[in-house]
Structure formats: structure tokens, C-alpha cells
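Student: One-letter residues, chain by chain:
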Amino acid sequence: MSTVRERPKPLLLPQFCKGCGRCIESCAKHCITVGTEINPATGLVPVHLDLEQCNGCGLCISACPEPYGLRAEPGKDFVLEDPKALFGPRDKAREAARSIPDERLPLPLVEPLVVKGTYAAAIGALIAGCRHFYGYPITPSTEGAELMAKLLPKLQGVFMQAVSETAAVNMMYGCGGAGLRATTFTSSPGFSLMLEGISYMIGAELPAVFLNVMRGGPGLGNIAPEQSDIKLACRGLGHGNTHAVVLAPSTPQEMLDLTILAFDIAFRYRNPVVILGDGYLGQMTGTVRLPDFVVKPGLPDWAVWGDKGHRENLNCSIFLSESDLEAHNTHLNAKYAAMTAAEQRADLFETDDADVLLVACNTPGRMAKGAVRDLRARGIKAGLFRPMTLWPFPIDALKPMLERVRRIVVVEASNGQLEDEMRLAISHAGVHAPPVINSVRRFGGILPQQREIVERVLGFEGKEAAA
Amino acid sequence: MNVFYDKFERHDHGEGLKGQATHYCAGCGHGLAHKYLAEAIEELGVQDRTVAVSPVGCSVFLYYYFNVGNTQAAHGRAPAVAIGQKTANPDSIVISYQGDGDLASIGLAEIVSTAQMGIPISVVFVNNAIYGMTGGQLAPTTLMGQKTSTTPEGRNEFFGTPIRMAELIAGLDGPVYVERVALYDAKQRVRAKKAITKALKLQVENKGFAFVEVLAECPTHLGMNPSDAEKWVKEKMTAVFPLGIKKDVENPPDHAKPGTPEFNPAHLMEVFEGTTEKAPRFCNEFPSGWATDDIALKFAGAGGDGAQTAALLVARAGINEGYDATHIPSYGPESRGGTSYADVHIARTEVLSPASPSPHILVAFNAPSLARFGPTVVPGGTIVYDSSVIVDVPALAKGVKAIGVPMTRIASELGRLVVKNVVALGALQAATSLFPEETVLTAIRQALKSKCAMIPLNEEAFARGSQAVRNHES
Ligand code: SF4
Ligand code: SF4
Ligand code: SF4
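Chains E and S supply the protein sequences, listed in that same order.
Take 1 as the starting number for the first sequence in the numbering used here and just add one per residue.
Take 1 as the starting number for the second sequence in the numbering used here and just add one per residue.
What the hints contain is simulated information worked out from the structure, not anything from laboratory work.
Treat the hints with care, as some may be off.
[What the hints assert, rightly or not] Quick list of in silico lysine to aspartate or glutamate cross-link-like pairs, DMTMM-like style, CA-CA up to 25 Å: (1) Lys296/E x Asp102/E; (2) Lys18/S x Glu73/E; (3) Lys29/E x Asp228/S; (4) Lys154/E x Asp91/S; (5) Lys296/E x Asp6/S; (6) Lys451/S x Asp324/E; (7) Lys9/E x Asp6/S; (8) Lys207/S x Asp6/S; (9) Lys29/E x Glu9/S; (10) Lys18/S x Asp324/E; (11) Lys308/E x Asp173/S; (12) Lys198/S x Asp48/S.
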């Protein structure tokens, strides 16, 4: 307490007294009494102090709930009119924290690893400098988590199995809020539970990477591969005005590459990033080449690290006043616009002269790639447009093709969730007469297979020819 | 006091009197809990290490006041956020401040699990027996008979009885210190201050999880003046929530702190089991006997037959030779004891479609597998099956070569049934010459890197499998 005297008497600026009276009973000397006059500044009735009998016991001070209510008298020379004079010296001059930049350390050229998709993502996270994993086991994402549990302790990292996905995402909020790289591996029902936390993270502008190895739904559904959460990730990241870059790998290699990219994007925009895989991809073993670097993360200036430099920082999604919240949303919208402009990614296969454009992502993207080969062998000029970002949908790459292709066939292991994203993007791009859009959809854990895609496309084409 | 901001800039932009007054109602217990917490931070000299987690509830705006690192959590999740903060920076002092709705209702799972983990954070739990922020509804700690806006006739058995968090938390193994205090008179306030300071000190000393339940007054929703509210807490609340120390571990050991994360690339490579050593190549050209660019294989058997391992070894052999290869297992309940099958593709440049609905090559370990997948093998394809257990061969497509090898018998002759799949690989080798023999053997040796003693046995199994096919063909 800012005082030089041993037993100071209490002091009260009436405008900071709420008149609660808690101090009255604390004083054995009956120095404090209920006030009688309304304070014009507050409209409240502050207590009255008569300190003649006061022995400076201080009990009234510790009974006052207001930080600037009753306090110890600071000495004789303060000016009562200026409340500032009551407070001790401030360390206002202290330097705010400066961002410590990330470093890229060279990784010796390693022979390709032969690992399954979830492992590739886990290794990608480690390469990207992530040393904090918070999660809850759920099939079919668990194996990646198990690898993290094995590897993180060897790197002095933290693997924490939370009590639920709800807790896990909030641990990520805490860790991401401290400016570090946090991740989780989950699957559809678990991802649903995390949405609350993701909304808070977006509101508070905190980075983290969520790998959702999607499975069949709704409800408990099954554990077979489905692209069941495209809608959720692209349109439904919890309540409010939320968006996050949604990446869709289709090979174990991309599980690694896109996980590394995800951390970059998450910290660039201070926003969560969602990687959508599918159970098939998670289980698939393939060749995975490592990059020639590993990331040693720095510490951003906005982190709530718990040290002096970062002390002014606050992670919070509350904006009580309407105008503040509107301004915050305008700011978020600007970030979403920047992501939309800069983060669209797509893989094009045989699209240059394609008449029939298959659109597919994740494992169906691979099946569709095989189908393109097959269709071309049968004389149909097919191509594949494979979105690698589902939000933002890579419309800039698709749009020019819309004028040229005759037919779009959306191939997906869902009830049209990818097609909806595509249609929305086409509509927002102002294309009002797109080519015919057909769909090949399987769900329940059944993936559209190459042969089925080929047959369906041939069917669509035949129908058209007959018409 | 430095731990409170000199001006509450975040309280309505610090305008007017709000810049130095709290948002709490007159006489609210939160203000006192704040004050003692601030004093404790100051006395322990940890302001520059502290992160306070604000909850949802009346104390949601705790971050208006405390000049420390601040983070605000979703309803009930403060302990989880605290774990995230603490594990990110184990040297920080993390305080999770929660009310009764936040901690004892919506956030029960978080607080109980965090307490049980014993992570050194300090929890200040303000229990005022009512929901303040949302306007006076039933709290899990509301007393029997107490009227709230959602129990207008008073709390009855239908809503259960009030939950005693301090006792519940003290019953867990994790916490080192749990105490319930109150604020209703000078003596209790001194105790409250001491308890909060101790809870913080235990964290500063890295001892463990500490929990202080503060019985506080909510005059507003009790519909009383603060002095009557104090009386109510003293008479009514303490009867249900007895004050005192509930747990106080003597000389708790230091809590194990996570180390400093490591980013050394060489160490990382070791952890990934990466190698700079190139696998030797023995193959001169892509084995295009089956398909020009992309060969599909299927391995099928019962769980335990080793179909997955055999499949992985073939994929690995393909990758060693510089081709693209994939392996995808069947998984899920069907792989637990039932059929286990694996699809492998080996492609000249890129595997497009990794499933093998119509394989060029099938390895079948049991009769159901052969019956199911045999007919899917493309015309001109090859099947290798375990003739120790399979008697009937189903109708196959034109030109499909089916070779029975007594894999189980050979493996049992070798004394280790587990090498059955390596016998199969040997048979596959002789039947298809997919890759040079050394390619497959290299992949097998790679896989047994850590079990070198097993290599001779596996080599023998491989040779016996090959021999059986050659005998069959001669
Ligand atoms: S310091 Fe003690 S004696 Fe003086 S007014 Fe306060 S409580 Fe009464
Ligand atoms: S305790 Fe503080 S706020 Fe309450 S009446 Fe006394 S001086 Fe005023
Ligand atoms: S409603 Fe109750 S708990 Fe909330 S600020 Fe007012 S008195 Fe305090």
C-alpha cells in the first residue's frame, strides 16, 4: 500500500464510495456512519467519516470492496482534488513487448518417410514448431494423437489428454493466447464439441490448428470416412461471424505440407485454421517428403505470456458496446477478405482442355483423379478441379473455367456439402449461368470409387447426348 | 496499489467515474475477493508473472481491474484456459477466478479434472448462492428453500441440494490446498486474505493446485442490504458450507515442470526416425507386367494373419525403388478379429486411386477372403493363397493364376506362426516377380532394424515361400 505512515487513517473520496456500508460495521470505534447526502456525481449516498476516535486499525479499509474506495491516507501533502496524487508511482514507462520472430532452422535432407496420413500431420505439426497438443481420443483421429503423445515428450513438449473436447479447445485458447502453437486431432463429433471454443478463439483472434479427420454422421454415425463437416468448417464455426481457412489435403504428403502451412496461416491472421481430412486419408500410408527446414517459433507481441512486457495484453471476445462490437466485426471481415484474396488454393489436373470438370477434394479427389485418366482413355475430355482450401473456396481459379467447360461433376463423400460451397462461391462471383452441375455423392462411410465415378460421368454424358 | 490499474480503461473506456469504480453492485463480495487477490499478487511480488483468467458471470470483467496478463474464458472453461496458459509458460502464475455457475455448474468437468491433475494453478471460487449476471437464477449452490427467479417457490428436492465444491475438490488427489472462507466480518476477511495469499504462494513455490472457495454476498439478488447479506451468509450459508481448511498437504513435493521445448533439427530428425541413407535400388524398370502405370494389390486375411504388415512391406519396397506407393487398411470393428484387408497401389509416378476394388494381385490368408476377393481379381491377375487353410477356390476371371502355398504349415515348421506373412511374401515374389527379390528382402530387413535377431528366420520364411511356388510350378 502506498503509504509512509505506520497506522494511517482511512481516506475516502466520496465519488468512489458506493455507500454499501460494509465499512460501517467493521469499525469498532464507530467512526463511520451512514451518509445522508446524495453525491451528485454518482447518485449514490457515500458514508460519512468522523475520524476523531480512529486508531488507524485499517479494518474499514479491508472491508471496502472498491479498489479506490476507502484507502489509507497517503500523507499530508496530497491534493484532495486530484485523485492521481493518491496513487504511487506507476511504471507506465516500461517497454511493451516486441515480437520475437519465428526462425527457420535447416533440416538435413532426409529420405522420404513412409507414414500414414495422421502421422504425417503430426510430424508436420512438429516441423511447424508446435510443441503443445491438447485433445480427446476419438476414432479415426486417435493414431495421430498417439504419435504426438510419444514424440512430444522427447521434444520437451506438452501432450495433454483433456477431460473432453470442450476442455481441449479451451486449453488451446490458453496456449494460443500465450502466443504458442497449439494443435488438436479430432473427428466429427469431437469437432462439434470444439465449435464453442473456436468461436471464442476467432473472437479473441487467437491462432491454433485443428485437424478434423471426418467420419460418418450425423450423431454418432460411424467411424468410416465421410466429408461430413465441410458445412460445419466453412459455415458453422460456432456462433457469430466466424470464418477460418479450411484446408483439404488428399495425400499423406499434403497432410504434412498443409499442416505446416496451417500454422503459418493461423499466426499470420491470428485466427484458427481447420484441416479437414477423412478417415481413409488418415489411415493411408504413403511417401512423405520432409521440407528442408523446421520452425523455431518466436513469441508475438500480442501474447498473454505473463511477463512484464506483455502485461497490457488481453485475450477476450467481449465487446460490450454495440459500436465496439460492430467495429470488431468490421475488423474481422477485413481479415476474412484478406484470407479470401490471398489463401485460395486448388490443384488442377488435366483442366486445360477439359469439357467435363470433376470437382472433388480429400480422398474422393484422388478417386476422381483416377477417373479423369480413365475417362480420357474413353475419349471424354475430363479434368479435375481439386480445392485445397474449402474456405475460401478457390473461385478465382475456377471462374475462368466456367465459361469453357460443358459440365461440372461434383464428387463427394457427403450430401452435397462441397457442392454447396462451390455453388455459393460461383454465385458470389457473379456467375449466374454456370455449366450443368451434376453430382456423384456417397455417404455413410462409402467413398465414391473410381469406377463408379467413371460410370456416372458416362451416364451424364450419354443422357446429354440423347437429349 | 499497483496491481489494480490506476485507471480502468476497459470499463466503459475508462470514462468518468467508471475509470476508478468497479462495475459491481454496492456491497458485492467480488470486490473484496479482488482486493485480497490484488494484495496477494503485490505481496508475493509476482505481478510481472501473473495471468488472470476471467470467467463468465458477474466477475467476467475482472480484466478491467487487474494490471496483469489477462485472458477471458468461455463459460465454465477457465480452468482449461488456465491449463493452456500454464503449460505454455510454466513460469507464469495463473489464476482462475470463477463464480458458482461457472465453476460448479457448466464447468464442473473442467474444474474437477484440472484439480485432479494437480497442475499448479490457483483457483478463487466465489460462491454467492445465486446467478448474478443473468439476473438471480438458481445456482448449484443455492440453498434449500432459497427463492430465485427460476425457483420462485424456493429450491426444493427436485433441484437437488446445494453442491459443496470445497469438500468435493478436497476429496481429489490433485490439490495441495483447499479452504473455504467468508467475508462477512473482519475476522473472516483476514482469513480470506490469508487463504488467497497462500493459494497463490503455493503456485509461486510450484507446489500444486490450490483452491479457495469464498462465500460472498450478492446483496442485489438476495434482495437485501449488504449488512443483511453478510448476516445471511454468516447464518444461512455457513450452515450448509462449513468454513475452514478442507485439505492442506504438508510439505508437498515440487510439481514436475515441463521442460523448455526443443527445436534442434538433428534431434527432430532422430525423433521422426528419419534417415539420410538411401535405400538401395535393384529395379531397372517399372514392373509393367500387370498395368502400365499403376498396379493394384490386395492382402486379405483374419486379424493376426499379418496381412497389413505384408501389405506395408510391399508398399515400402515400391517406395524404396522410387515409385509412388500407398497402403490403406480396412479398419474399424471389422478389423478387430474379423477380416483384415489392405489395399496397396504401386504407381510409376503417382497413385491416383488408392483403393483396390479390382486388384491385379491378391494374397489371401483364409477361405472367406479368397471367396470374397478372388472373383474381383482382374483377368490375367495372380492370386497367392494359403493352401493349409483354403480348400476351395472360387470361380475366377479369365486367365487368373491361383497358386496355393501352405503358408501356415511352413510357418509352423519354422516354429513361428507369425512369419506366415513373410512366407506369403516369398510366395508372392516367386509367383509374380513384382520386384527383384532383394527389393523385398531389403524392405523386410528395414522393418526388422530393431529386431536384427529375427532377420535370419524371416529370410528363411521368405525363401521357403518362394520355393513352394517353384515346386508348385515345376
Ligand atoms: S481505521 Fe479502524 S478505527 Fe479508523 S475508521 Fe477504520 S476501522 Fe475505524
Ligand atoms: S465499504 Fe467502501 S464503498 Fe462501501 S460504504 Fe464503505 S467506503 Fe463506501
Ligand atoms: S449481481 Fe450480485 S454478484 Fe453480481 S455484481 Fe451484483 S451483487 Fe455482485
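Student: Decide, hint by hint, whether the structure agrees.
Tutor: Here is how each hint holds up against the structure:
Restraint check for lysine 296/E and aspartate 102/E: satisfied, since their Cα atoms lie roughly 6 Å apart, inside the 25 Å limit. At roughly 22 Å between alpha-carbon atoms, lysine 18/S and glutamate 73/E fall within 25 Å of each other, so this suggested pair holds. A threshold of 25 Å between alpha carbons decides the hint, and for lysine 29/E with aspartate 228/S the separation of about 21 Å falls inside it, so the pair holds. Between lysine 154/E and aspartate 91/S the alpha-carbon distance is near 20 Å, which keeps this suggested pair within the 25 Å criterion.
For a cut-off of 25 Å, the pair hint linking lysine 296/E to aspartate 6/S is broken: about 38 Å separates their Cα positions. For the given pair, lysine 451/S sits about 64 Å from aspartate 324/E by alpha-carbon distance, which is inconsistent with the 25 Å threshold. A threshold of 25 Å between alpha carbons decides the hint, and for lysine 9/E with aspartate 6/S the separation of about 21 Å falls inside it, so the pair holds. Distance check on the hinted pair: lysine 207/S and aspartate 6/S sit about 32 Å apart at the alpha-carbon level, beyond 25 Å; violated.
Simply put, lysine 29/E and glutamate 9/S have alpha-carbon atoms about 37 Å apart, too far for the 25 Å limit, and the pair is violated. In summary, the hint linking lysine 18/S to aspartate 324/E is supported, as the alpha carbons are separated by about 17 Å, within the 25 Å threshold. For the suggested pair lysine 308/E and aspartate 173/S, the alpha carbons sit about 34 Å apart, so the restraint of at most 25 Å is broken. Between lysine 198/S and aspartate 48/S, the direct Cα distance comes to roughly 18 Å. Compliance with the 25 Å bound is thereby established for this hinted pair.
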